[in-house]
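This is what each chain is made of:
There are 2 protein chains.
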Amino acid sequence: MNIQEITSFSNPKVKWVSSLKDKKFRDQEGKFFIEGFREISKAIFGNQKNTNCFRIQIDCLFISPDCFLGNQETQLIKSANCPVYQLPKKIFEKISYRDRPDGLIAVAKTPNPVYDWNLIKDLSFNPILIIEGVEKPGNLGTILRTAEGAGVKLVLVTDPKIDLFNPNVVRASTGTLFTLPIFLSPLDELTKNLKKFSYQIFAVTPEGRTLYTSANLCEKSAFLFGSEQYGLSAEAKKTSHDTLFLPMFGEADSLNLAMSCGIVLYESLRQNKKGII
Amino acid sequence: MNIQEITSFSNPKVKWVSSLKDKKFRDQEGKFFIEGFREISKAIFGNQKNTNCFRIQIDCLFISPDCFLGNQETQLIKSANCPVYQLPKKIFEKISYRDRPDGLIAVAKTPNPVYDWNLIKDLSFNPILIIEGVEKPGNLGTILRTAEGAGVKLVLVTDPKIDLFNPNVVRASTGTLFTLPIFLSPLDELTKNLKKFSYQIFAVTPEGRTLYTSANLCEKSAFLFGSEQYGLSAEAKKTSHDTLFLPMFGEADSLNLAMSCGIVLYESLRQNKKGII
Chain A
23 MNIQEITSFS NPKVKWVSSL KDKKFRDQEG KFFIEGFREI SKAIFGNQKN TNCFRIQIDC
83 LFISPDCFLG NQETQLIKSA NCPVYQLPKK IFEKISYRDR PDGLIAVAKT PNPVYDWNLI
143 KDLSFNPILI IEGVEKPGNL GTILRTAEGA GVKLVLVTDP KIDLFNPNVV RASTGTLFTL
203 PIFLSPLDEL TKNLKKFSYQ IFAVTPEGRT LYTSANLCEK SAFLFGSEQY GLSAEAKKTS
263 HDTLFLPMFG EADSLNLAMS CGIVLYESLR QNKKGII
Chain B
23 MNIQEITSFS NPKVKWVSSL KDKKFRDQEG KFFIEGFREI SKAIFGNQKN TNCFRIQIDC
83 LFISPDCFLG NQETQLIKSA NCPVYQLPKK IFEKISYRDR PDGLIAVAKT PNPVYDWNLI
143 KDLSFNPILI IEGVEKPGNL GTILRTAEGA GVKLVLVTDP KIDLFNPNVV RASTGTLFTL
203 PIFLSPLDEL TKNLKKFSYQ IFAVTPEGRT LYTSANLCEK SAFLFGSEQY GLSAEAKKTS
263 HDTLFLPMFG EADSLNLAMS CGIVLYESLR QNKKGII
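Residue numbers (my numbering), protein chains in the order written: chain A, 23 to 299; chain B, 23 to 299.
Any given hint might turn out to be false.
To be verified - As a list, the in silico PhoX-like pairs of lysine-lysine whose alpha-carbon atoms are at most 25 Å apart:
1. B:116 to A:116
2. B:46 to B:35
3. A:43 to A:143
4. B:43 to B:260
5. A:183 to A:295
6. B:111 to B:35
7. A:295 to A:175
8. B:158 to A:158
9. B:116 to A:295
Claimed, not checked - For each label pair, taking beta carbons as the anchor points, the in silico distance ranges come out as:
10. A:31 to B:49: 33 to 43 Å
11. A:251 to B:35: 45 to 55 Å
12. B:103 to A:260: 40 to 50 Å
13. B:263 to A:105: 49 to 59 Å
14. A:110 to B:32: 47 to 57 Å
15. B:24 to A:44: 25 to 35 Å
16. B:112 to A:119: 25 to 35 Å
17. A:79 to B:29: 17 to 27 Å
18. A:138 to B:231: 43 to 53 Å
19. B:87 to A:79: 51 to 61 Å
20. B:214 to A:232: 54 to 64 Å
21. B:144 to A:146: 48 to 58 Å
22. A:138 to B:135: 49 to 59 Å
23. B:232 to A:232: 40 to 50 Å
Since the hints were derived computationally from the structure, they do not count as laboratory data.
On a predicted model such as this, the values are computed, not experimentally measured, just so you know.
Quick reminder that beta carbons are idealized off the backbone N, C-alpha and C, glycines included.
Extracted from the complex, chain A is given alone in its bound form:
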């Protein structure tokens, strides 16, 4: 392995990797930041297990062996097959996003996240999850993690207010950003194509017409969820086949976006008898 030691805070590589916390700089460089053993493992191996996932090309690794928690780090570093910069713990902590860093940060090329409907000849995953206008990286990460748990095979994001490759998406997703296919697609394009492939589109909203457990989710379904603050756009509600609501006691804002997604996705699992795996 080609390991280069860095000992100074003012090393340009340290400054460069720190700057990737800023979206503008990420866009300019076309790179993003993956922290943690689990997350980097998934970034390297996710696309090998499921070729619909992002193909992540790791440019370089920043490591701090004093922070390592396990004994497979060396193997992972070899798998990354890229230049490695070794830092003292103090400097590593400065570039880390975590309270207790585990000594591994990768910088990777930002993949193109736009879904290319022209390549899609058929689509039969049930259900598909669509998130419109998401505002908080942590929420999107939690949604991905939960969607993977619920067996979802495709997540489409439309008009996000955040960058899919925000370090907090990576973190909250526990790396499922790299093991679950997730893509950007404009609303009109995704609804047109999902309808072409015979999906029933359900907009989930507090003002929905149909109780979510009363809808038939055994046909091919796509669930459309809106932003934390503003909910779904009028266009999203209008283009859907039906609107669903979750019963809610107490205060009106008792469920957060990720929780609502999880509850609806698990109801879909239940109806599709995918309980026993």
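Fit chain B to the supplied structure of chain A, relying on the hints for placement.
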């Protein structure tokens, strides 16, 4: 209203309220910290709507009118009926727990959170939620918020690793700590009493025997969830009537504790046909 202006960072009241971020100091003073218009409103009025909730006695308020977001703050301050300390924005931001404080922090007497089973002659809420060994204040808050949404009327917490009155519980609960009855009870005591009142106790765990949607949740049920890191104790699993699991695709850790609670509670709602409210 008795409003006293404070203009200096070194004012003892400012130091005192800042120190309440520390659990030891909270315990020593027997006080805790409630931030935000919504949260303080619920603390004041929660027990009036449901006398099973904590009765919160507010000792004093710290306000910063420059941060107010609405026009009902003055009314709320009057309702609190306590000494009020007015601070400049800069000092208020120092004591706040929030990125964008809304100018209201209350200090209240810590209520006794121990459930007194001797006072309970009958119990018929369905379901009851039990959380064992919870480690993260934010998770407990989210669980409360979700439980309220799902119509739960009683949450019991056993052997928590955190303080129920941690400011992050208040925050993540969005004030449902004050509108949903929540109490501490030792595991042996709560299971003995719940059995006495004919509850079936379901431990929810990845190694559960029964698919959660296959269990009959229409009888009086109590769901027992374990800690984020260690799951349920052996004692908790042993004392339960049955153990339930949620189906999980992808990585084993795909669902967090609050999400699992939400999914199980909404399945209980579904089975009990409490959909339409």
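Which hints from the list above does the structure break, by number from lowest to highest?
3, 4, 5, 9, 11, 14, 15, 17, 20, 23
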